[in-house]
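K.L.:
So the sequences go chain by chain: A and B.
Going by my numbering, the residue at position 61 of the first sequence is 203; the numbering climbs one at a time, nothing skipped.
Going by my numbering, the residue at position 3 of the second sequence is 193; the numbering climbs one at a time, nothing skipped.
Since the hints were derived computationally from the structure, they do not count as laboratory data.
Errors might be hidden in some of the hints.
[Claimed, not checked] Just the calculated beta-carbon pair ranges, DEER-fashion:
#, chain 1, residue 1, chain 2, residue 2, range
1, B, S390, A, I229, 52 to 58 Å
2, B, I437, A, E341, 33 to 39 Å
3, B, S427, A, L326, 23 to 29 Å
4, B, K290, A, E206, 50 to 56 Å
5, A, E206, B, I437, 32 to 38 Å
Using N, Cα and C, we set each Cβ at its ideal position, and we do this for glycine too.
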Amino acid sequence: MATFFGEVVVAPSRAGVDDEESAEEAREETPEDREIRRELEKKREIDVLWTLKSGASTESSADEPFVCSKFIVAIGHNAAAFLSSFILDSVCWEVVGVVKLWNEWCRTSNTTNVLPTDSFCLFYRLISDPTVLLCQCSCYVAEDQQFQWLEKVFGCMRKEDLQVTVLSTCPVADYKTQESTLTLPSPFLKALKTKEFKEEVCCPLLEQPNIVRDLPAA
Amino acid sequence: MFVPCDRGGGSASSDFKGFTLLMPAVSVGNVGQLATDLVISTLNMTKVGYFYTDCLVPMVGNNPYATAEENSMELSINAEVYSLPSKKLVVLQIRSPFIKNKYRPFCETLLSWVKSSKCARVVLLSSSHAYQRDDEQLLGTPLRYLLTPDLEKAVGGLMQELNWKEMEKVAAYPGINDTEKVLHIPGGGITKLLFTESCSKGIQMAVLLKFCSEGDNIPDAFALVNYLNEWLQLVKSEVNTSSQWKIPSSWRLLFGNGLPPALF
Numbered sequence: 143m144a145t146f147f148g149e150v151v152v153a154p155s156r157a158g159v160d161d162e163e164s165a166e167e168a169r170e171e172t173p174e175d176r177e178i179r180r181e182l183e184k185k186r187e188i189d190v191l192w193t194l195k196s197g198a199s200t201e202s203s204a205d206e207p208f209v210c211s212k213f214i215v216a217i218g219h220n221a222a223a224f225l226s227s228f229i230l231d232s233v234c235w236e237v238v239g240v241v242k243l244w245n246e247w248c249r250t251s252n253t254t255n256v257l258p259t260d261s262f263c264l265f266y267r268l269i270s271d272p273t274v275l276l277c278q279c280s281c282y283v284a285e286d287q288q289f290q291w292l293e294k295v296f297g298c299m300r301k302e303d304l305q306v307t308v309l310s311t312c313p314v315a316d317y318k319t320q321e322s323t324l325t326l327p328s329p330f331l332k333a334l335k336t337k338e339f340k341e342e343v344c345c346p347l348l349e350q351p352n353i354v355r356d357l358p359a360a
Numbered sequence: 191m192f193v194p195c196d197r198g199g200g201s202a203s204s205d206f207k208g209f210t211l212l213m214p215a216v217s218v219g220n221v222g223q224l225a226t227d228l229v230i231s232t233l234n235m236t237k238v239g240y241f242y243t244d245c246l247v248p249m250v251g252n253n254p255y256a257t258a259e260e261n262s263m264e265l266s267i268n269a270e271v272y273s274l275p276s277k278k279l280v281v282l283q284i285r286s287p288f289i290k291n292k293y294r295p296f297c298e299t300l301l302s303w304v305k306s307s308k309c310a311r312v313v314l315l316s317s318s319h320a321y322q323r324d325d326e327q328l329l330g331t332p333l334r335y336l337l338t339p340d341l342e343k344a345v346g347g348l349m350q351e352l353n354w355k356e357m358e359k360v361a362a363y364p365g366i367n368d369t370e371k372v373l374h375i376p377g378g379g380i381t382k383l384l385f386t387e388s389c390s391k392g393i394q395m396a397v398l399l400k401f402c403s404e405g406d407n408i409p410d411a412f413a414l415v416n417y418l419n420e421w422l423q424l425v426k427s428e429v430n431t432s433s434q435w436k437i438p439s440s441w442r443l444l445f446g447n448g449l450p451p452a453l454f
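Using the sequences and the hints given, assemble the complete structure.
P.N.:
Here it is as structure tokens:
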């Protein structure tokens, strides 16, 4: 594979494990390596901070899991903006939590006073029905942090009778279809649902071979 | 790690004692995974569970083996387990790459699950970079096998009868010292790690791999699955060796969408 004349680039393998990476791992890890790796892992840890009724902030994994009937998660700038424009307001919703994380693409803060252009991940609760939770996540959650995000957020909730709705967007160019995406009327909605979801879905289901990845998939 | 599906069969459907576990390594050309897709699709295997793991990149979609409207709506994720008790076969399909630094923990957890579920043996489908072959490997069949010592005792003779070629070892320090030989599977993903760990843990494992390059790897998948079939006899061998395997519906549009008419 050549880029400009004379330069040969090693194509990344779909195997996912580069030979250099596996050779590196084969080396014995020195205490310094271990320390560096631990520091890096600590830096990439996710903190979920809940603001309780009393107004005091506390660390994640509250003793009592929240009772939650509906949890709506909006992932990405577009979905977060949709919630800001059409759903959220300061009268009906109150901020109850925030996720603090860092990765190469973004850093969130633990302030709840955010601008639409910031990267943030906030939790809101419907004042009239505190079992309805909403999450606006406009920051990018990296591959190695997605599982942690999932466990830490859902670990705080009771999962019985919980209905989860995930809102997200994908570029039309990524949509696989027999016709060209140029002629497709966009934007359009597609859904994926578990077999436990018995209600009517408001749009067609996502056809094979399309898939969803990253945090919405997790 | 293994989470069984809720099905009428209950725990009976996740009893794999004495079964053969077939699984792919995520490797060059995704050949192992494509071959596994062919096995699951052709034998119409039933999903019995999945792996709940933080080691693979998350993904989800609708049933990749859907044949009709009715069965197209089941969700499918990155690591799922299918079973066919009549052939004592259990298949693990992996659909996404490993997260950085997570492939080792995955291998450890996988092998301890193999031991605890008492699978009789593991067959790993894999591939290796074709451009790394030496002069001798360029001639003849591009298919190779490997057996752990425990499985060698059981089926080594059969491999001789089938006239299969064992994967060659290469010099550890080429050009300097040709006597010390090591196993080298470039582009094979976790193949070498799983194989060496199985050798040391006394697990019966066979690796079946094909030399290939990235590109349209469907023919490579057919070659590998027919190679597997020579041994395990999963389907009856036909004269036209590609017609006995059913291509899953998710293989549509592997190379992009239709063209916009405005292009012409």
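K.L.:
So, for every hint listed, does it hold in this structure?
P.N.:
Results for each hint:
no.: 1; hint: B:S390 x A:I229: 52 to 58 Å; in the structure: holds (56 Å)
no.: 2; hint: B:I437 x A:E341: 33 to 39 Å; in the structure: holds (34 Å)
no.: 3; hint: B:S427 x A:L326: 23 to 29 Å; in the structure: violated (44 Å)
no.: 4; hint: B:K290 x A:E206: 50 to 56 Å; in the structure: violated (36 Å)
no.: 5; hint: A:E206 x B:I437: 32 to 38 Å; in the structure: violated (51 Å)
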